[in-house]
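Dock chains L, Z and F against chain Y, hints included.
Protein chains in written order, with our numbering: chain Y, 3 to 370; chain L, 3 to 370; chain Z, 3 to 370; chain F, 3 to 370.
Hint data in this document are derived by calculation from the structure and do not stem from the laboratory.
You may find that some hints are simply not true.
Derived SDA-like pairs: lysine to any residue, alpha-carbon spacing no greater than 25 Å straight-line [unchecked claim]:
(1) 50/Z to 50/F
(2) 94/Z to 362/Z
(3) 55/L to 180/L
(4) 202/Z to 90/Z
(5) 316/Z to 266/F
(6) 316/Z to 316/F
(7) 316/Z to 181/F
(8) 50/L to 23/L
(9) 316/Y to 274/L
(10) 316/L to 270/Y
(11) 316/L to 357/Y
(12) 202/Z to 266/F
(13) 316/F to 76/Y
(14) 316/L to 271/Y
(15) 50/F to 181/F
(16) 316/L to 266/Y
(17) 55/L to 270/Y
(18) 55/Y to 274/L
(19) 316/Z to 50/L
(20) 202/L to 254/Y
(21) 316/L to 217/Y
(22) 50/Y to 259/L
The model shown is predicted, which means the values in this text are computed figures rather than measured ones.
There are 4 protein chains.
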Amino acid sequence: MMNSFGHIFRVTTWGESHGPALGATVDGVPPGVPLDEAAIQHWLDRRKPGQNKYTTQRREPDAVRILSGVYEGRTTGTPVQLMIENTDQRSKDYSEIAEKFRPGHADITYWQKYGIRDPRGGGRSSARETAARVAAGGIARAALGELAPGIEIRGYMTRMGTEAIDRARFDWDEIERNPFWVPDATAAGTWADYLDGLRKSGSSVGAEIEVVVRGAPAGLGAPIYAKLDTDLAAAMMSINAVKGVEIGEGMNAARLTGEENADEIDMGDDGTPVFSSNHAGGILGGISSGQDIVCRFAVKPTSSILTPRRTITKAGEPAEIVTKGRHDPCVGIRAVPVGEAMAACVILDHLMLHRAQVGEGPRGTIGR
Amino acid sequence: MMNSFGHIFRVTTWGESHGPALGATVDGVPPGVPLDEAAIQHWLDRRKPGQNKYTTQRREPDAVRILSGVYEGRTTGTPVQLMIENTDQRSKDYSEIAEKFRPGHADITYWQKYGIRDPRGGGRSSARETAARVAAGGIARAALGELAPGIEIRGYMTRMGTEAIDRARFDWDEIERNPFWVPDATAAGTWADYLDGLRKSGSSVGAEIEVVVRGAPAGLGAPIYAKLDTDLAAAMMSINAVKGVEIGEGMNAARLTGEENADEIDMGDDGTPVFSSNHAGGILGGISSGQDIVCRFAVKPTSSILTPRRTITKAGEPAEIVTKGRHDPCVGIRAVPVGEAMAACVILDHLMLHRAQVGEGPRGTIGR
Amino acid sequence: MMNSFGHIFRVTTWGESHGPALGATVDGVPPGVPLDEAAIQHWLDRRKPGQNKYTTQRREPDAVRILSGVYEGRTTGTPVQLMIENTDQRSKDYSEIAEKFRPGHADITYWQKYGIRDPRGGGRSSARETAARVAAGGIARAALGELAPGIEIRGYMTRMGTEAIDRARFDWDEIERNPFWVPDATAAGTWADYLDGLRKSGSSVGAEIEVVVRGAPAGLGAPIYAKLDTDLAAAMMSINAVKGVEIGEGMNAARLTGEENADEIDMGDDGTPVFSSNHAGGILGGISSGQDIVCRFAVKPTSSILTPRRTITKAGEPAEIVTKGRHDPCVGIRAVPVGEAMAACVILDHLMLHRAQVGEGPRGTIGR
Amino acid sequence: MMNSFGHIFRVTTWGESHGPALGATVDGVPPGVPLDEAAIQHWLDRRKPGQNKYTTQRREPDAVRILSGVYEGRTTGTPVQLMIENTDQRSKDYSEIAEKFRPGHADITYWQKYGIRDPRGGGRSSARETAARVAAGGIARAALGELAPGIEIRGYMTRMGTEAIDRARFDWDEIERNPFWVPDATAAGTWADYLDGLRKSGSSVGAEIEVVVRGAPAGLGAPIYAKLDTDLAAAMMSINAVKGVEIGEGMNAARLTGEENADEIDMGDDGTPVFSSNHAGGILGGISSGQDIVCRFAVKPTSSILTPRRTITKAGEPAEIVTKGRHDPCVGIRAVPVGEAMAACVILDHLMLHRAQVGEGPRGTIGR
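If we strip away everything but chain Y, and leave its shape as in the complex, we get (with noise of 0.2 Å):
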């Protein structure tokens, strides 16, 4: 279970950076969801490193295919095996960072864990795991358009180092527009010289990005350890680099009153309760509530960087270590639809889930 998520709608990544191929194995899916390998590969394309000078210069087609649980252009209800083949492995010499541990990877800890690693690109710890992730969203993507059409997923990029958006200035048409996937089109600006500069400099940056779930009903989420906010936390924390997660809120809201924080409840003119504010970030003891799901998590500054770094070798001597080679300065970028893929999934297993206790939609209703 240690590569897996999900409840029923249950996802197993597996794959290593430079082994032949890596992908998901995707059980509980819904049948007779139309799904083809273009409908995957659309999702992973936004993922897709080499587009612009922000994301690594490694080159990887990254075309899935579909090995198993789709007949005549839908899904079976079996298994769906996603496998994406590494075309670009270069022949580079791994035995450097074979010996020494880079700070802030999973080398030192994936070596004391297992007492084997495979060095080339960091093995399983490579931020290409999350390929397999992206995949399998487009699946969940697919489904919840058959089960629950009217929900919207949206990922951007909210601070990027010192750099932050203003929500005065939020527009969700430019998401698409500019290549921080930032809604905000003054940012997206200033934010690629902040970057380049960066980049020129051999440095790195840290990244916040936030996820938007919009028009998921009411009644998501099982309490107390299958809430909603809890599988959603542990889909984002599991993404590489990824140090925090927030809900709504999140960690401001040790700073708030009672007063500040509280979500006012009226009832809309469509007969649906409406919410003063959504400090709550759509979600009330676990259970989402019909306002838009907002969750938030911060992706820290790649570790590979040009500056020279202190470190040990497996013999315990000590070792200096630039690491060079084709990385971003800021992989919270690439994080954007890998956090979209993560909600997607999720919030397909909760609906499932729900599914299977309750049945189908809410079943409370609120008014006459």
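Here is chains L, Z and F on its own, set in the frame of chain Y:
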């Protein structure tokens, strides 16, 4: 699986705030661990309400009973059933909150999901459920005492509303000396006045809690979806009112450069790796490094306040609600022992998962 | 997960034969199901010991209490905790069986595994644990009554030692009329004499039980490893003293040709498929076909007999043991309600799992 | 979780009979185990079709590829992905079986459940899926070779239709010498003639297979619902066409008295317990005793026969069907390596689960 957590050391909590009892069914307990009710009561008493004027005046003895799994003072390897009877269920009138949804509470979402809810004291969504977690954590602590004796797990508050600790004054010994478990004697005084003011005005405030695990071996955590940080994030986010979880730098990682965030590695005098800093919070690639494991979470302010709030009734009519009753102005205070308990459960679970797959202790050696 | 079964309707049993209590923690219960203690007690009373001379003379009222998950007579969707107190724990001397391993019992294996065991009445390995299963089965029956009202689950004995039923005399109404739950009035008489003889000589005998589920919809069972027959086999084999499980033809399938084993398919007058026979036991490819689901299992003879048996002590010394005490000459009799309860849990669980993945009811239609 | 088995050593199989490929995603593999494709191929070749006239003439090389989890010839602790390409998917016409339900096959139930099915070669319900199990079993065997070197797992046929082995002639060495894996040289000859006759007449026959695990330590199995016999029963019942599972005496236990069924215990010369007989099949209370673990299962006759059978079409019209094509007259033959593979997976999984909870080896000692 909705009310259970843990892979092998598996805790299922049950019970409502005003039902006859609540408790935890704890499966996967290692055999031969010395355990009695007093050992668990010790931890429960730290969380017990009504101990000072800052926590709810509900007076529950919270006396735990062990109903199974222990024979002649030692665990047998079979499930341990822990039961805490609810004795102070004041026979008050719940008809108002049975009809009106309290803003910020799970009233509306439980209703929407299930079409039925126990309104007495919040039912299953009450913070009272956390007593079962603390009791289960007592078993985890006892087992850790046998399996990995050097591990120490400590929680404390780092922020309450506008007030934060000064890390320059950090003092481990201070934690047990004040009602806030704050590791800063000066803050302890200031906070008392601050909270007293909030309490008298019928307001409430959020809090930030930090839990540190010292002495855990390297190698805990099973990538990719049973990472140690993933499971800690899920454990903490599942606690009532928690809105954010951080490991090490947490959300602040988004602001840093690679140079600022790097934890360089040296060889210590005792032949184990030493890190120059701990931005990582003791976890790299989801696996513990042997450094202190640092986890932080934010608890929102208690939603029950004296200021009237706008809401609706089950019938969809507009209404106003004032939550009287016995409530904590800062529910985050009592979240400290809960966070510790969750950490204890996660660490024990991962020790067991590690020895399942790898065997006793870390496998890779550094040096010689 | 060691003491739990079920995918979504998840039952965890806990407790020892002579501890303060035993019970079941039942998670994933659908909300809104009418449930009270009497409804569960009804099923428990069928299993209760001491009702006639053929079952153990231990006199337990086996009164069940519901501690959570029910509000105003209906389930709330939160875990239901069931507790049965052990009241007739005779303060007898267990020092002999604490030292000597009773042949055929789990004494030696529990000792070897855990290095500690509760010898009082067999501890956790006592058949008394099955009371918790029957109680949980009562919840499953109540939920089935709401989700799929037409389902009927009936168990009965088909063999006791050398005596077998004559299927030509099969009579559903007879089952409730005799202490053996045997659907054959003639056999009921013969068996009484046969068992009386065994009982008086201090011997014991095995039994074969059949459980039939009528009226279950087609489509239950999730290939490949959550097949309906897989889960039934696991459920029945987990019952104390069970050594074999069969679906439909069972072990006899090894003796047949393809022609003999074929269940041909016709279209029934009501527009649903009708099968010419039921060698398959209602399950094809792990999925229910709409035919009766037929499951059979064998219970070994009670190991506690008056004839002295050779054994060893914990110290490895040779010894002889005679098991006195209150034992059933045919423990298989009381396995009938246990088998029914397990079937009820499995069927409900699969109904829920089916609606998670596929939705309400079978999806493919036959005919217009 | 529908296509996965195992608690910690967790196998998920995927793929259809006539899709591009099938395989197994194997999680929880211990690190450092020597493994390459040849080691797995060895076991797959035993199951390979087309090796003699008694098994299907479909000619698949069944060449397995390892796509992840192995580095420089040793497992890394990350998931091992095994893929077997389907190369002999004859482009035959599946339009008839796409419309008509073959009696005894899963055609009708897959249709009813999912409303869609892949008719080519039975899709997911084809016995071809068992290749993935055998491959996964190869990993389990390799890991057992490291963790518990003395364990031997052997399967063989004990019955084919009217023909059964004579246990007086039991010969371990004979198993590998005949196409039936029958441990009785005389039977091997008789069975060849018998099956030849059935094959020529287009008929088929059932089989009984026994799997024995020798040298497993005492203490494997985790009561109550992860009992070793429970998990073996589930594993065997999940194999295609299996209708019954037995441990030790199996269904025959229903016929015995307590005296007949008793396995008395002596102290062996080597200081470990010795049993006078093995009615228990090596498992007491769900935990291994150190004796041989004996598991038996029955496979029904291949449903595809030349005799026309009555059935219906998807439209509900009456029809007749004759299954031509490449089928095994006794599919039970190829179930022998499958049963061995499942046993290997279960034993490894329980070794790992045991060391998670208890540590290395049994805990309780007998003697001194």
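Against the structure, the hints:
no., hint, result
1, 50/Z to 50/F, "violated (52 Å)"
2, 94/Z to 362/Z, "violated (54 Å)"
3, 55/L to 180/L, "holds (12 Å)"
4, 202/Z to 90/Z, "holds (24 Å)"
5, 316/Z to 266/F, "holds (15 Å)"
6, 316/Z to 316/F, "violated (64 Å)"
7, 316/Z to 181/F, "violated (46 Å)"
8, 50/L to 23/L, "holds (15 Å)"
9, 316/Y to 274/L, "holds (11 Å)"
10, 316/L to 270/Y, "holds (14 Å)"
11, 316/L to 357/Y, "holds (23 Å)"
12, 202/Z to 266/F, "holds (23 Å)"
13, 316/F to 76/Y, "holds (19 Å)"
14, 316/L to 271/Y, "holds (16 Å)"
15, 50/F to 181/F, "holds (12 Å)"
16, 316/L to 266/Y, "holds (15 Å)"
17, 55/L to 270/Y, "violated (40 Å)"
18, 55/Y to 274/L, "violated (40 Å)"
19, 316/Z to 50/L, "violated (44 Å)"
20, 202/L to 254/Y, "holds (24 Å)"
21, 316/L to 217/Y, "holds (22 Å)"
22, 50/Y to 259/L, "holds (23 Å)"
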